[in-house]
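K.L.:
With the hints as a guide, bring both chains together as one complex.
Take a look at the letters that make up each chain.
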Amino acid sequence: MITGSDAMWLGFVALWGALTVALIALAVMLLRLREAEQRLRDKEAEQQGVLDRLQENEYRLRTIIESEPECVKLQAADGTVLEINPAGLRLVDAGRPEDIIGKKIYDVVAQEYKDIYRENMRRVFEGEAVVYEFKSITLKGRTCWMETHAVPLRDARGAVYALLGITRDITEHKWAEEQGRRHQTELARVARLSTMGEMATGLAHELNQPLSAIANFARGCIRRLRSGDVAPADLIEPLEEVCEQAERAGEIMRHVRDFVRKSEPRMTAVDINQVVRSVVKFTELEARQHETVVTLHLAPQQPRVWADSIMVEQVICNLVRNAMEAMAETRSLRREIMIRTVPQGEDAIEIEVIDTGPGIDGAVIDQVFDQFFTTKPEGVGMGLSISRSIVESHGGSIRAESRAGGATFRFTLQAIPLRLSSDERRYSLHS
Amino acid sequence: MSDATVFIVDDDQAVARSLRWLIETVRLKVETFASAQAFLDGYDASKPGCLVLDVRMPGMSGLELQERLAARRTHHVPIIFITGHGDVQMAVRAVQAGAFDFVEKPFNDQDLLDRIQRAIAFEGEQRGREAHRAQLRALFASLTPREREVLDLVVEGLSNKAIANALGLSAKTVEVHRAKVMEKLHARSLSDLVKLAMQHQAA
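Listed in order, the protein sequences are those of chains A and B.
With the working numbering, letter number 220 in the first sequence gets 220, and the count goes up by one each step, no holes.
With the working numbering, letter number 159 in the second sequence gets 590, and the count goes up by one each step, no holes.
Worth flagging that the hints you see were computed from the coordinates, not collected in a lab.
Using N, Cα and C, we set each Cβ at its ideal position, and we do this for glycine too.
Incorrect hints may have been included.
Quick list of the computed label-pair ranges, beta carbon to beta carbon [said to hold, decoys possible]:
1) A:L333 x B:K611: 55 to 65 Å
2) B:V526 x A:E251: 48 to 58 Å
3) A:L333 x B:A465: 37 to 47 Å
4) B:A501 x A:L333: 30 to 40 Å
5) A:V230 x B:Q541: 17 to 27 Å
6) B:V523 x A:L333: 18 to 28 Å
7) A:L333 x B:S620: 38 to 48 Å
8) A:L225 x B:A552: 22 to 32 Å
9) B:V523 x A:P300: 26 to 36 Å
Chain B on its own, in the form it takes in the complex (with noise of 0.2 Å):
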């Protein structure tokens, strides 16, 4: 099973244990919070999983508690927001602010159980394209400049004549920061490298 925590916010303490008692049937970490700023200040967002929030509370409330986490610039934790009945307009509001989901009470328990396993899965993927993102942005940190101007032209689908002319090298030169770059980038061929290019530069 994985690893997740799933982080419940919710001022009711007997609604948060309850939630606890349901969530750990499916072997998943729970850590409970009592009011938002518990959360902000006791959370470890270095940990994978997701937060199930309630969107009335009083003090911060859960959208602000949304506005706040977005406003750091770690990692995003995928909120479920937990509901009461007529509150569909703050949910539509939480959901255009980004949050993951929502439930509305009264829920059923395997449709909460699904939709936190889908922000699971989701923020694993997240953390997936992170990490691969990370690990590109190092892969491309480690070329010198002049491998870059070479890189960046081989890209333009200039030949290497072209791009010994365009910087005022031999085509030797041309030659060999490629085959540095190729080896750098971890890269087989001229696709792989124009693909590992192009998903730097989204990044």
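Excised from the complex, chain A in its bound form (with noise of 0.2 Å):
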């Protein structure tokens, strides 16, 4: 049986059950709420920590890139300037941040570069990492050759969305090159000089041959005309004889200022046979003098190579000369040369010059196309080195070999491919 004060105690128990429930459930709920904000303090610490991270990552590259003693700058598409470092600033004359950033990277672009850069910059917005050199003309007017390496930067989702762009001023460095390349082409010009210096004799010979079979030729006219003991018309065939010789003798002097014009190389496509003819022709004398018999394998069918026609000639020249030396020296008592033309394929051309002289002794033959190499007692050890230049330039490559007989040096020219022909004919017409 249950009285009232029972009931009182059983409620006051159940209340007191339910108190003490709901504290500890109270308590939990507490501790997990500590737990939780704990969670979130370490969270946004972690977070603080990673932009900590972050700034000192900024600061540190920026300090790199401001510190960089090469231009550093960022472009958009459309070629404007978005950063740029301290040395860039310098690099254009830009007197502070605001006379570049903002504005277009084409204001210090030299006119006739502006589309090389334009393709350049398209490039790297299409993903690609290039380098281009370009003459650049600063704010203050300055012209200066700049070299860039640019690369796309890519955004989160991987879109190019600026140029980075490191910038070397490669003015001294261009200067350089270009006085070695002017060095050069006046060096050639001198060798071409004292060849002809080393020539004055043979070319004296030379000419005197048509002009003495000029005066025969006219002599003979007179003295018939004056024995009143010839026909007109008898006079018509040395008379004809007369001009022929006088254009031989142009003929020459045409050569010989060619061969000493001081000019940049002028590429046309050449008929290599047609250069080793001229070459003949106009070492004729030399041979002569050197008694020397010089015979030629030309290939009937060959392409044509690119090149600049008096230079090519004036490699062939040092060849055949310095054969034609090199056997007069050690009396040789064959003295031959023969100049051969081979094809590569259809993509080069070999020309051989072979002679029958003392060969070349093992231990120079590296050396033969050093400047100032020579092994005879008048030489001056440029006509080989030259010769190396001038294959070079052309893409080509030369190399000497010695045999039991003589030696042998032969050199490549790139050729043009037949297919080509329609257009190369045209050039040919005009070389």
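P.N.:
Below, the structure written as structure tokens:
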């Protein structure tokens, strides 16, 4: 039986129990809340750490970029300069960042290089890394040469949003290169002139031939006319010979002019066999003086080469002259030079100058193309060195070999594939 | 005019043709050769004339051709070298080696023609002398050994008697041999005989 006080007691117990449960629950919840708070704080701290590190990183990068001695810059696709470091400012002669930031990079690119520059930018924004050279006119109007290494910068989705460019001033390098090139050209000219010096006597002989023929024909005519012992018609043939020989003399002179002319390489489609023949004609007298027989083995069907014919002629001339001198010095019994042209597939032609001289000493064969290397008592040692630089500037190579019965020099020139013949024929007509 | 031929060796065909045109004005025959070898192969030594030669030629040079001709035991054709400017050294060598003359380019036409005429005249005389020597050789060859002995002693100035003693013959026999020698050599006098004997000795 449950009394009223019992009921009250029971109620009290139940209430207390409920309270206890509620308190426990509350305590647990509080505890959880604490934990959550702690976790939140941890997370915040962690985030702050990341942010700090990010900031640190950026700061470090910025310091590197700012102190970088070469120009570092960001450009938009339209050429707008987004960012540039102090070295970059100095490079373009900008006093303050705003002189160039927000402006178009084209402002400092020389007119004739703007298209090239634009093309290179286009390639970078298509995702390529490129290196290009251009001429720059700085904000103060100074002209200089630049070389830029440019790479695309991509956003999180992989789209290119800027060009990162590192640019160097290569003016001095360019200048040195230009000087070097000029020096080479000048060297080649000097070599041609000294060659001319060596050939002066030869040239006198060469000219003597047509001149004495002219004199003989003319005097023969005069003598017949004086004696009245000739029909006018009989004089036509000798007079034609006179004209022919005068033209021959003129041809020799034209050749000399071409030979000494100072000029940049003039590239045309060249028939190498024609060049060889012209060399033979030009060195005919020297060959006669050296009592040397020159024979030709020319490939009947060969592609043309893209070359400066005068320069190539000079190379062959040098090789032929070298061969003659080598054979003369050692009093070789058989003095023969064979010049061959040998196509190397469709891409190249090899020109060989083969002599019956003493050959080349194995100990020096690697030095024969060096400047100032010579075995001749009065040689300067320029001929082969210039020949090599000419051949190499034509994209070819030259080498020397010594055989049992003499020396062989061979060099290659790049051929113009035969299928381009229609264009190339037009060139050859003008050359 | 003489029937002499001017042989021209020049590898430069235009020069060779022009020389022919010039030399033909003095009515000389001309034959041209394009190389020393061609000349060696085609030259007929029995033809009188002279050789006009360019000193420098590819293959066999003018000087080499001269040497080759000198080595031949036949008649020596006189050579006129044509040299270019600055070839004096070569010309000297050529003359030392027996060249008749040389002209330097550019030459005067009359000068060249004169030298050619001189060379041809020289060659004619040379041929004459050679013919004379050949004749002498033939005449002397017709003598018997005994006649040769008698002749040698006559030329030494011995009298018939001394010759007879020396050879163990009678003076009469020596007289007969002597008359035979005079007849065979077409000598009219003693001095004639001595002269002929000396020429023969020199030849």
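K.L.:
Does each hint fit the structure? Answer for all of them.
P.N.:
So, going through the hints one by one against the coordinates:
For the hinted restraint 55 to 65 Å between L333 (chain A) and K611 (chain B), the CB-CB distance of approximately 58 Å keeps it satisfied. Restraint check, V526 (chain B) to E251 (chain A): a C-beta distance of roughly 35 Å breaks the suggested window 48 to 58 Å. Hint check: L333 (chain A) to A465 (chain B), Cβ distance near 23 Å, so the stated range 37 to 47 Å is violated. As the Cβ distance of A501 (chain B) to L333 (chain A) is approximately 20 Å, the hint placing it in 30 to 40 Å is violated.
Our hint of 17 to 27 Å for V230 (chain A) and Q541 (chain B) holds, since their Cβ atoms are close to 18 Å apart. For V523 (chain B) and L333 (chain A), the Cβ-Cβ distance of about 24 Å falls inside the hinted range of 18 to 28 Å, so the restraint holds. Checked against the hint of 38 to 48 Å, the C-beta distance between L333 (chain A) and S620 (chain B) comes to roughly 59 Å, which is inconsistent with it. Separated by about 27 Å at the C-beta atoms, L225 (chain A) and A552 (chain B) satisfy the suggested range of 22 to 32 Å.
Between V523 (chain B) and P300 (chain A), the C-beta spacing of about 47 Å breaks the proposed range 26 to 36 Å.
In this structure, the hints that do not hold are numbers 2, 3, 4, 7 and 9, in rising order.
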